[in-house]
Amino acid sequence: MPEAKPTNNDSASADEGVQIDLISGARMDGLASMEKIRLILDSVRDGKIVILEEGLSPEEESRLIEVTMSEINPDGFTGLEIETYPSTQAATKGLLDRIMGRESTKKLTVIGPANQIKTLHKDETLISALVSRK
Amino acid sequence: MCTEWKIGVYALQPSDRPDAREAREVRMGLLTNLKDSISKVTDRLFADSEPKRIGIYGPPNAGKTTLANRIAIDWAGDTVGPESHIPHETRRARRKENVTIERNNQTVTIDVVDTPGVTTKVDYKEFLDHDMEKEDAVRRSREATEGVAEAMHWLREDVDGVIYVLDSTQDPFTQVNTMLIGIIESRDLPVLIFANKTDLEDANVQQVANAFPQHETVPLSALEGNNMDEVYDKIAEYFG
Numbered sequence: 000m001p002e003a004k005p006t007n008n009d010s011a012s013a014d015e016g017v018q019i020d021l022i023s024g025a026r027m028d029g030l031a032s033m034e035k036i037r038l039i040l041d042s043v044r045d046g047k048i049v050i051l052e053e054g055l056s057p058e059e060e061s062r063l064i065e066v067t068m069s070e071i072n073p074d075g076f077t078g079l080e081i082e083t084y085p086s087t088q089a090a091t092k093g094l095l096d097r098i099m100g101r102e103s104t105k106k107l108t109v110i111g112p113a114n115q116i117k118t119l120h121k122d123e124t125l126i127s128a129l130v131s132r133k
Numbered sequence: 000m001c002t003e004w005k006i007g008v009y010a011l012q013p014s015d016r017p018d019a020r021e022a023r024e025v026r027m028g029l030l031t032n033l034k035d036s037i038s039k040v041t042d043r044l045f046a047d048s049e050p051k052r053i054g055i056y057g058p059p060n061a062g063k064t065t066l067a068n069r070i071a072i073d074w075a076g077d078t079v080g081p082e083s084h085i086p087h088e089t090r091r092a093r094r095k096e097n098v099t100i101e102r103n104n105q106t107v108t109i110d111v112v113d114t115p116g117v118t119t120k121v122d123y124k125e126f127l128d129h130d131m132e133k134e135d136a137v138r139r140s141r142e143a144t145e146g147v148a149e150a151m152h153w154l155r156e157d158v159d160g161v162i163y164v165l166d167s168t169q170d171p172f173t174q175v176n177t178m179l180i181g182i183i184e185s186r187d188l189p190v191l192i193f194a195n196k197t198d199l200e201d202a203n204v205q206q207v208a209n210a211f212p213q214h215e216t217v218p219l220s221a222l223e224g225n226n227m228d229e230v231y232d233k234i235a236e237y238f239g
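Top to bottom, those sequences are chains R and L.
Oh and the first sequence: position 122 is 121 in numbering that gives the first Met the number 0, straight run, nothing missing.
Oh and the second sequence: position 52 is 51 in numbering that gives the first Met the number 0, straight run, nothing missing.
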């Protein structure tokens with residue numbers, strides 16, 4: 000079983016800047032859905048920005064929203080900001096593709112604490128975000 | 000179906016025929032299985048005739064409850080829940096059962112499920128801007144988070160179709176919209192996109208249509224009741 004948390008030996012303190020973890024698709028492939036969600040939420044709650052090479056499945060995104068809601072508290076974690084490109088394949092992919100598992104969920108995904116990352120612009124080809132310290 | 004397989008095995012292998020007691024047990028088992036099969040068929044027929052649960056989804060303040068109330072008043076003479084300009088007014092999913100819509104000699108009966116607005120963040124401080132005391136704001140934010148989780152659960156488990164409501168004065172390219180439409184598509188649920196608040200000057204229906212070109216977009220003002228004929232035509236067409 001792969002270690003769920005990324006190595007954190009060089010983790011910068013909040014005073015020094017914002018830590019960004021770029022997580023490969025290969026690393027995420029080895030994790031169960033709940034492990035992925037835990038990895039993301041633990042990182043984000045630590046004030047890190049997480050960039051996923053291949054994103055999450057719709058089912059995992061749904062669970063991520065649900066678990067995030069359960070962890071929001073008034074004086075601490077206020078949730079997360081998450082950005083991916085809008086799907087451009089939905090119009091062409093068929094039911095058979097989805098049944099056969101040929102549906103692609105690979106989309107670069109940026110996730111950060113809601114109070115530290117703000118989306119400036121987003122369209123089908125560009126995500127522009129402002130990241131601030133706590 | 001399993002029962003029929005058992006019959007086939009015994010008929011083809013006479014040497015394995017059970018003794019009288021076993022035969023009785025098999026007959027009893029067959030009767031029980033037959034009853035189960037009939038029950039399953041009737042259940043399925045009944046389920047097909049049950050109203051479909053149509054979830055009204057969208058981000059906070061898109062006008063979901065206003066639309067749910069409009070539909071409920073027009074066809075059931077009643078409302079679903081209170082409306083408010085303060086975000087997260089709806090913090091529990093509410094179902095209005097057996098709303099029968101008649102269009103062009105076609106009748107469709109649905110359960111309208113008004114759901115809390117979906118978001119990935121809730122900060123109680125936002126409610127302080129609406130003249131709320133901190134205690135009330137904290138309570139509202141806690142209820143809002145529970146409501147969002149409830150809405151997601153309904154979407155995964157309990158709805159047969161989705162009306163996705165967007166405020167047509169707002170940018171539709173948000174992550175919540177992208178994710179929710181993706182989740183809906185992954186579940187192969189029929190979905191209609193309603194570009195609401197067309198009575199407002201800044202409304203841009205085309206922008207909504209451009210954001211999700213794979214789905215049909217219907218403009219409306221749930222508040223003013225504008226274009227509701229097309230809304231009901233589409234509901235009957237998609238969910239009938």
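Bear in mind the hints are in silico, worked out from the structure with no lab data behind them.
Treat each hint with caution, since some may be false.
Said to hold, decoys possible - Here chain R is said to cover these stretches of chain L; the calculated rule only asks that three of the stretch's residues, wherever they fall, bring their Cβ under 8 Å from a Cβ of chain R:
#1 58-71
#2 178-184
Claimed, not checked - Listed next, the stretches of chain L that the computed footprint assigns to chain R, with coverage defined by at least 3 CB atoms under 8 Å from CB atoms of chain R:
#3 108-120
#4 151-159
What the hints assert, rightly or not - On the chain R side, residues computed to face chain L include the following (Cβ under 8 Å):
#5 Glu53
#6 Pro57
#7 Ser61
#8 Ser69
#9 Ile71
#10 Gly75
#11 Glu80
#12 Lys121
#13 Asp122
Where is the CB? At the ideal position from N, CA and C, for every residue including glycine.
Margin query: Of all the hints numbered above, which does this structure not satisfy? Sort the numbers upward.
Written below: 1, 5, 10
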